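Undergrad: Sequence:
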Amino acid sequence: MKTYLRLAGAMIAAFAASPAFSAQEPFLPPEKAAAILADGAPWSALAPDGKVLKVTLEKDGTGSIRGPMPFALSVTWRVTDDVMCISGKMGTRCLRFRSVPGGLQGWDGEKPDLKFSR
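Going by the numbering used here, the sequence shown opens with residue 675, and the numbers climb by one from there.
Keep in mind that the hints were calculated from the coordinates and are not lab data.
For clarity, every value in this text was computed on a predicted model and none was experimentally measured.
Every residue, glycine too, gets a C-beta built ideally from N, C-alpha and C.
Please note: incorrect hints may appear among the correct ones.
No farther apart than 30 angstroms at their CA atoms in a straight line, the calculated lysine-lysine pairs in the DSSO-like style are these [stated by the list, open to error]:
hint : residue 1 : residue 2
1    : Lys728    : Lys706
2    : Lys733    : Lys706
3    : Lys789    : Lys706
4    : Lys763    : Lys728
5    : Lys728    : Lys789
6    : Lys763    : Lys706
7    : Lys785    : Lys728
8    : Lys706    : Lys725
9    : Lys785    : Lys733
10   : Lys763    : Lys725
11   : Lys789    : Lys733
12   : Lys725    : Lys785
13   : Lys763    : Lys733
14   : Lys725    : Lys789
15   : Lys763    : Lys785
16   : Lys785    : Lys706
17   : Lys789    : Lys763
FRET-style restraints, in silico, Cβ to Cβ [said to hold, decoys possible]:
hint : residue 1 : residue 2 : range
18   : Phe745    : Glu784    : 29 to 37 angstroms
19   : Lys733    : Asp755    : 30 to 38 angstroms
20   : Gly765    : Ser718    : 19 to 27 angstroms
21   : Pro722    : Glu699    : 17 to 25 angstroms
22   : Glu784    : Glu705    : 21 to 29 angstroms
23   : Glu732    : Pro775    : 33 to 41 angstroms
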């Protein structure tokens with residue numbers, strides 16, 4: 675029984691130290707996140723409420739978002755301080771980003787927000 679507890683403890687420690695589970699993974703510089711996301715190709719963005727959006731950002735600071743509605747909304751984006759802000763008629767989201775497999779995870783403060791993937 676003690677062997678199983680030690681093994682379980684070692685496995686939990688290993689998972690907690692891995693980059694996929696580490697909350698201490700550094701945020702990308704916002705300029706780097708913007709260069710990745712603003713490539714003119716559509717990204718699938720999963721919102722915290724489960725909605726899936728199609729987000730296309732251009733290098734010139736413009737873009738569009740398609741969601742549950744049958745039309746696209748125009749947006750603008752900019753890098754400000756340590757965040758990338760995306761603004762449109764529905765408001766502004768300023769996020770920091772971490773790399774995740776297949777894309778970027780946006781963070782609003784200490785909470786995960788939009789997850790961009792392809």
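Undergrad: Find the hints from earlier in the document that the structure breaks and name them by number, from lowest to highest.
TA: Structure breaks hints 19 and 23.
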